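Asker: Residues per chain, in single letters:
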Amino acid sequence: MTKKVCAILLAAVWGLLAVSQLVLPDQEVSDAERRPLVQMPEISVESLLDGSFMADFEDYSLDQFPLRDTFRKIKSLFHYYVLGQSDNNGIYIAGGSAVKQEYPLNESSVNHALERFNYLYDKYLTGSKVYMAIVPDKGYYLAEGSSHLALDYEAMFTAFREGMPWATHIDLTDVLSGEDYYRTDTHWRQENLLDAARKLCNALGVTAPEAEDYTLTQLERPFYGVYYGQAALPMEPDTIYLLESELLKACTVYDYESGKTTAVYDLEKLESKDLYDVFLSGARSLLTIENPNAATDRELIVFRDSFGSSVVPLLLQDYAKVTLLDIRYIQIDLLEQFVEFKGQDVLFLYSTLVLNNSSTIK
Amino acid sequence: MLFSSIPFLYYFLPAVLIVYFLVPWKLKNGVLLLSSLFFYGWGEPKLLFLMVFTVLLFYFCGLAIGRTGEQRWKKFWLAVSVVISIALLGLFKYADFFIGSFNAVAGLSVPLLRLALPVGISFYTFQCLSYTIDVYRDNVPAQKNLISFGAYVALFPQLIAGPIVRYVDVARELDRRTHSWEDFAVGIRRFLLGLGKKVILADNFALLMKLFRESGEKSVLFYWMYAVAFTLNIYFDFSGYSDMAIGLGRVFGFRFIENFNYPYLSKSITEFWRRWHMSLGSWFRDYVYIPLGGNRVSRGRWVCNILAVWMLTGLWHGAAWNFVLWGLLFAAVLLIEKWVPALQKLPNILRHGYVLLIVVLSFVLFNAESMAQAGSNLACMFGFGNLPLTSAPALYYLRSYAPLFAAGFVGSAPVVRDAARKLEQTKLCGVLELALMLGLLLVCTAYLVDGSFSPFLYFRF
Numbered sequence: 001m002t003k004k005v006c007a008i009l010l011a012a013v014w015g016l017l018a019v020s021q022l023v024l025p026d027q028e029v030s031d032a033e034r035r036p037l038v039q040m041p042e043i044s045v046e047s048l049l050d051g052s053f054m055a056d057f058e059d060y061s062l063d064q065f066p067l068r069d070t071f072r073k074i075k076s077l078f079h080y081y082v083l084g085q086s087d088n089n090g091i092y093i094a095g096g097s098a099v100k101q102e103y104p105l106n107e108s109s110v111n112h113a114l115e116r117f118n119y120l121y122d123k124y125l126t127g128s129k130v131y132m133a134i135v136p137d138k139g140y141y142l143a144e145g146s147s148h149l150a151l152d153y154e155a156m157f158t159a160f161r162e163g164m165p166w167a168t169h170i171d172l173t174d175v176l177s178g179e180d181y182y183r184t185d186t187h188w189r190q191e192n193l194l195d196a197a198r199k200l201c202n203a204l205g206v207t208a209p210e211a212e213d214y215t216l217t218q219l220e221r222p223f224y225g226v227y228y229g230q231a232a233l234p235m236e237p238d239t240i241y242l243l244e245s246e247l248l249k250a251c252t253v254y255d256y257e258s259g260k261t262t263a264v265y266d267l268e269k270l271e272s273k274d275l276y277d278v279f280l281s282g283a284r285s286l287l288t289i290e291n292p293n294a295a296t297d298r299e300l301i302v303f304r305d306s307f308g309s310s311v312v313p314l315l316l317q318d319y320a321k322v323t324l325l326d327i328r329y330i331q332i333d334l335l336e337q338f339v340e341f342k343g344q345d346v347l348f349l350y351s352t353l354v355l356n357n358s359s360t361i362k
Numbered sequence: 363m364l365f366s367s368i369p370f371l372y373y374f375l376p377a378v379l380i381v382y383f384l385v386p387w388k389l390k391n392g393v394l395l396l397s398s399l400f401f402y403g404w405g406e407p408k409l410l411f412l413m414v415f416t417v418l419l420f421y422f423c424g425l426a427i428g429r430t431g432e433q434r435w436k437k438f439w440l441a442v443s444v445v446i447s448i449a450l451l452g453l454f455k456y457a458d459f460f461i462g463s464f465n466a467v468a469g470l471s472v473p474l475l476r477l478a479l480p481v482g483i484s485f486y487t488f489q490c491l492s493y494t495i496d497v498y499r500d501n502v503p504a505q506k507n508l509i510s511f512g513a514y515v516a517l518f519p520q521l522i523a524g525p526i527v528r529y530v531d532v533a534r535e536l537d538r539r540t541h542s543w544e545d546f547a548v549g550i551r552r553f554l555l556g557l558g559k560k561v562i563l564a565d566n567f568a569l570l571m572k573l574f575r576e577s578g579e580k581s582v583l584f585y586w587m588y589a590v591a592f593t594l595n596i597y598f599d600f601s602g603y604s605d606m607a608i609g610l611g612r613v614f615g616f617r618f619i620e621n622f623n624y625p626y627l628s629k630s631i632t633e634f635w636r637r638w639h640m641s642l643g644s645w646f647r648d649y650v651y652i653p654l655g656g657n658r659v660s661r662g663r664w665v666c667n668i669l670a671v672w673m674l675t676g677l678w679h680g681a682a683w684n685f686v687l688w689g690l691l692f693a694a695v696l697l698i699e700k701w702v703p704a705l706q707k708l709p710n711i712l713r714h715g716y717v718l719l720i721v722v723l724s725f726v727l728f729n730a731e732s733m734a735q736a737g738s739n740l741a742c743m744f745g746f747g748n749l750p751l752t753s754a755p756a757l758y759y760l761r762s763y764a765p766l767f768a769a770g771f772v773g774s775a776p777v778v779r780d781a782a783r784k785l786e787q788t789k790l791c792g793v794l795e796l797a798l799m800l801g802l803l804l805v806c807t808a809y810l811v812d813g814s815f816s817p818f819l820y821f822r823f
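Each protein sequence line maps, in turn, to chains H and F.
Using my numbering, the letters of the first sequence map in sequence onto residues 1 to 362.
Using my numbering, the letters of the second sequence map in sequence onto residues 363 to 823.
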């Protein structure tokens, strides 16, 4: 092949990409990255002079590049397999599962969470029976075996035990394993949570769930978790299974944000970009679950993150009412407007991921 | 605009190439000038006037020097171009350094000017100075065509990070140059190799440096990894840019001078500076060192000349004391090498070792944000920072980056070049070259699309 032919073929591919960039329609959102894509910036004398148009155009050209997901995949494959990097954008594959390298322990984040939890306790919870359960992220199980960095989990657990002396601490580390998490996502699999739910229920002193109480329902749509897009590595999607029961079907969930009443498994979210939202409608600031068939009239308040959405349905048997609060989306001082604190059982259920990045807790 | 950016690769460059090769010869320099001003204005819209002013200043001074027959007027117009351009460089780049130093010594608080540093000002000022000096020395006739001269000064391939192309080297090509598929192919290949050096190697070393800076668990090992990573980062960043510049120049029919020749293979610091940023070294040699008398003066004067040139070399890289010290460090080593010939008789491995050690340590000084930080970094590298020898992140990243370090070491030596030359003898060469170039283009694009974006280091100079 002559240099001329070589140059022409190279220029042709280069030109094809350049032309595609110009003629292909712009995309609104990236499903893989779960974010809106930058649109063509407006041009003005001011934006030209201050350089903001140029900066915005750079972002636009990156976001709207043709075959963006394919190119991100090429980069990941090259980075991971050719350059031999142990992680790509902080995500690695261990045991077939994509894991975010959460490292190191963020002490200021832990202290911030503790300060907020103590404020919450002093303001509303003195007199209640309070429990604290930390959900380890999957790095707890998968980092060491794959020689990746992991935060100092023991130091974190100790900090919360010592910083929340008013709570009974429940250790979930021995009832979970790396396989109890979705391979492409950060969350845990509900169908694998019966042991964890039993441990929580035993500590709370309520009836623990048994496998025969539930039937397993598989969602038809494949589940592409949050790491699927971030890792951009070839992975098979996950499958979401729901643990269903007559008791759960009779429960109603009230969403204070939207004013809507839904079921525990929100089937409207079957079309959602994040299929995990099917559990209690995803990220919501304040929900109450009414359980008409509860064995007692006890009530539970759960301060939680998204891990709570899939496990709380398994704690319902004895509770007539469960209130779920996500204080990342609602100010602690505003809670009294919506919730009457009257000595209910209280469970703090937080993942290590949120506790290590707690600036979002208000 | 960065070469390693989607707007450059997929908007600007294809558009300029199409227009450039479609227009007749007499319009080609005009296309280059306009596209270069657009290229510069994209990143520095408010400082475009400075570029235009510089072009006009040197154009008219060059004409005046060329036209006048009287030596004193030649000298006058040369002085005008030198004084004004150095004053502008001083104002934009060095004013705050001198004010800050004066404040520190005098205990005053004269307010800093805080002017934005025009990108590439050190490069294009030095290029322009070479022009009027060479016209003054009758090495080259003045350029009468403003568009051709403007195209030389603003020429986007080498505008903002070199090599420092002297007018005398491209004067003929500005007025008459040829284009061929051979030049196009060779130029694009060189450009893509440079892009690969920048995007795949330099930017990934930069990522390791970022991880180091953000880590709360530093160790002696981590500090050394940081120092070696920066040594490789700056080489692949800067030589990658030079490759891209030389390659683009070739596409447009120019032959720019080489700027790097595997500097990390050097067996002395003297040799290192013959291989590193060669266009700057030869510029200082021809326009400062030799006019000062070079080595044909008394020993004391010669030492002063060496110190002056290397202090200026340091200052050229940045307006801070660590750059001055960096330059003087090299001056000291160069003097030692000249005074202690026994160094040249050491085994090669020792000579390589001491050069690499000095270069790595010098870049720690170079890359520090202050003298205090430079001292602290060097102390930590030698175990005086109360740090453990290793730490978990250092070991993790050492394992993770081992292949990249290996690629960096191999890429710093002419192994790849020699292999490519052997390959050129085979029949498969064309197919393999096409596959490699396409692969480089797609992988570099993939890195850019994924957002691994970092500006070229040498832009700040």
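These aren't lab readings, by the way, just hints derived from the structure by calculation.
A few of these clues could be false.
Claimed, not checked - Pairs of lysine-lysine residues, derived as BS3-like cross-links and limited to a Cα-Cα distance of at most 25 Å, are as follows:
#, chain 1, residue 1, chain 2, residue 2
1, F, 572, H, 4
2, F, 700, F, 629
3, H, 100, F, 572
Predicted model only: the values in this text are computed from it and were never measured.
Asker: Run every hint past the structure and note whether it holds.
Answerer: For each hint, the structure was consulted:
1. A threshold of 25 Å between alpha carbons decides the hint, and for residue 572 of chain F with residue 4 of chain H the separation of about 42 Å lies outside it, so the pair is violated.
2. At roughly 14 Å between alpha-carbon atoms, residue 700 of chain F and residue 629 of chain F fall within 25 Å of each other, so this suggested pair holds.
3. At roughly 18 Å between alpha-carbon atoms, residue 100 of chain H and residue 572 of chain F fall within 25 Å of each other, so this suggested pair holds.
Going through the hint list in order, the structure does not satisfy hint 1, though it satisfies all others.
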